[in-house]
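2 protein chains.
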Amino acid sequence: MKHIHIIGLGLIGGSFALAIRKAFPEIHISGFDKNDQHLEEAKYLGLIDEAVESPPVETDIVLLATPVDTLAQLLQELLEKVSAETLIIDLGSTKARLCQSLADHPKRAQFLAGHPIAGTEYSGPRAAKEDLLNGKVFIICEMEKTDVHLKGKAYELFEALNLKLRFMDPQEHDLHLAFVSHLSHISSFMLGKTVMDKMEDERHIFDMAGSGFASTVRLAKSSPEMWTPIIKENKEFVLEALGSYIAKLKNLEENIKGNDFEAVSRQLQAVAPLKEILDLK
Amino acid sequence: MKHIHIIGLGLIGGSFALAIRKAFPEIHISGFDKNDQHLEEAKYLGLIDEAVESPPVETDIVLLATPVDTLAQLLQELLEKVSAETLIIDLGSTKARLCQSLADHPKRAQFLAGHPIAGTEYSGPRAAKEDLLNGKVFIICEMEKTDVHLKGKAYELFEALNLKLRFMDPQEHDLHLAFVSHLSHISSFMLGKTVMDKMEDERHIFDMAGSGFASTVRLAKSSPEMWTPIIKENKEFVLEALGSYIAKLKNLEENIKGNDFEAVSRQLQAVAPLKEILDLK
Numbered sequence: 005m006k007h008i009h010i011i012g013l014g015l016i017g018g019s020f021a022l023a024i025r026k027a028f029p030e031i032h033i034s035g036f037d038k039n040d041q042h043l044e045e046a047k048y049l050g051l052i053d054e055a056v057e058s059p060p061v062e063t064d065i066v067l068l069a070t071p072v073d074t075l076a077q078l079l080q081e082l083l084e085k086v087s088a089e090t091l092i093i094d095l096g097s098t099k100a101r102l103c104q105s106l107a108d109h110p111k112r113a114q115f116l117a118g119h120p121i122a123g124t125e126y127s128g129p130r131a132a133k134e135d136l137l138n139g140k141v142f143i144i145c146e147m148e149k150t151d152v153h154l155k156g157k158a159y160e161l162f163e164a165l166n167l168k169l170r171f172m173d174p175q176e177h178d179l180h181l182a183f184v185s186h187l188s189h190i191s192s193f194m195l196g197k198t199v200m201d202k203m204e205d206e207r208h209i210f211d212m213a214g215s216g217f218a219s220t221v222r223l224a225k226s227s228p229e230m231w232t233p234i235i236k237e238n239k240e241f242v243l244e245a246l247g248s249y250i251a252k253l254k255n256l257e258e259n260i261k262g263n264d265f266e267a268v269s270r271q272l273q274a275v276a277p278l279k280e281i282l283d284l285k
Numbered sequence: 005m006k007h008i009h010i011i012g013l014g015l016i017g018g019s020f021a022l023a024i025r026k027a028f029p030e031i032h033i034s035g036f037d038k039n040d041q042h043l044e045e046a047k048y049l050g051l052i053d054e055a056v057e058s059p060p061v062e063t064d065i066v067l068l069a070t071p072v073d074t075l076a077q078l079l080q081e082l083l084e085k086v087s088a089e090t091l092i093i094d095l096g097s098t099k100a101r102l103c104q105s106l107a108d109h110p111k112r113a114q115f116l117a118g119h120p121i122a123g124t125e126y127s128g129p130r131a132a133k134e135d136l137l138n139g140k141v142f143i144i145c146e147m148e149k150t151d152v153h154l155k156g157k158a159y160e161l162f163e164a165l166n167l168k169l170r171f172m173d174p175q176e177h178d179l180h181l182a183f184v185s186h187l188s189h190i191s192s193f194m195l196g197k198t199v200m201d202k203m204e205d206e207r208h209i210f211d212m213a214g215s216g217f218a219s220t221v222r223l224a225k226s227s228p229e230m231w232t233p234i235i236k237e238n239k240e241f242v243l244e245a246l247g248s249y250i251a252k253l254k255n256l257e258e259n260i261k262g263n264d265f266e267a268v269s270r271q272l273q274a275v276a277p278l279k280e281i282l283d284l285k
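These protein sequence lines map, in sequence, to chains S and L.
Heads up, the first sequence is in this note's numbering, so the first residue is 5 and it goes up one at a time.
Heads up, the second sequence is in this note's numbering, so the first residue is 5 and it goes up one at a time.
Next comes chain S alone, as it looks inside the complex (with noise of 0.2 Å):
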């Protein structure tokens, strides 16, 4: 592999540029961000070597790391001007909607549909971290559909990137992210909306924030810009997962209002396993 093309240099894409640039020091990395400040500071921060908007003809993999509701169309523009020896990576949070629609593409073979399971609250070039993606689990879909040769290139680059990959069926990591993540990030700002409607007095709030505030609701510091796409692209299983998640609630407010507090022991004695399950991380 001699060239890399990243598109989008925010928190993900940036930090694919750093652990690239670690694992293979001679890799040429050009890209692009359609925030101009973002594409200075890139450059800036050597994430590139070349800001150029479309990948060059020698490019071997194109990365984009851009909000998910942009993938579907800079991927049949792309997939019409990359070379046959371009593989195109997309890194987004959803993928039943974009391999949908781009099922029946004539150049499908050319993409490689994954998802890496890592990130920050933080946003843009400056949020890039070279060790962000080590170690971490990247999730690919529907891999039989991408060609053979191609996938080469994309084992060589997820091995020396020390990515644990998974397999999954598009549907299947929709419905799963809408859970773990997507409903972690949607009772986080929610959360972060109560508090601050009800309590004006700034001062309160941080004074109290050690008191597991700040850790529950450190999700709601992530990029809207980047999380409404998420929830539309992904509505019907973000809705499954809300749904679910509001009737336990209410639930919950059933059983603390008529003074069952058995009940509500009950409740939180049943997340015990998650301890273990999580303590293995």
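One thing to keep in mind: the hints can contain errors.
Identical copies go unnamed one by one, so any copy, or any two together, can satisfy a pair.
[Said to hold, decoys possible] In silico BS3-like cross-links for lysine-lysine, where the CA-CA straight-line distance does not exceed 27 Å:
#1 Lys236 <-> Lys261
#2 Lys157 <-> Lys26
#3 Lys236 <-> Lys252
#4 Lys239 <-> Lys252
The set of hints was computed from the structure by calculation and includes no laboratory data.
In this text, all values refer to a predicted model and were calculated from it rather than measured experimentally.
Guided by the hints, dock chain L onto chain S, whose structure is given.
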């Protein structure tokens, strides 16, 4: 000060023990926990010098770090027993009912209602940490009701432990804590339950926990034995906070169902100021 007695030797009581031992190496610390295993562990770990149920007559300060529903009766009993030179400080997460139950007690002046804003999701004596309280906020309610001379001892302790004092009305305390802390715990417990009920394959939860779930659900690892009584004691304010949270989630759900993603975006954007408030920490 020569003698401190601690009842309840878990995360909070144990962390006070360790911090006091560091700040005042010469102080004798006695203590009790009705859980035999915790009491043994507390001795083994050196949290206390002596295991004894009732505070000895020479005790300067008794710290109460037991579940909130035990505090009122414990205080009634202890106030009868202790000498006039002993101050009793509770460290519970709710304050209104407790303060009310002691309002007319003839020895009310020997009691100080406190709440350290510190904790982790772990519990028991082994979870205690010497630096858990360092630099943390300590809320005091109805400070004016505590004897001036005894308050001197409390200030000496709080200063040595580097606690930042805040003064609040018990109702105000409980209202703010319901929104900032108690709601965070409830949202976290129910998020954990929603995910566990849906996903049968624990491997998937584990693989995807890095997507924001692990931190958002961290508080669900907290002790249900501690949290059920907090919800019960602070029922009215918890219901207010929970009702407000559910209403916001339902509102977002309606926006998503109605494809009003501009409204979704506005709601996520509205939390932006929180970023600054929390990043001060």
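Now for the hints, and whether the structure bears them out:
no.: 1; hint: Lys236 <-> Lys261; in the structure: between (34 Å within a copy, 10 Å between copies)
no.: 2; hint: Lys157 <-> Lys26; in the structure: within (17 Å within a copy, 57 Å between copies)
no.: 3; hint: Lys236 <-> Lys252; in the structure: both (23 Å within a copy, 18 Å between copies)
no.: 4; hint: Lys239 <-> Lys252; in the structure: both (20 Å within a copy, 18 Å between copies)
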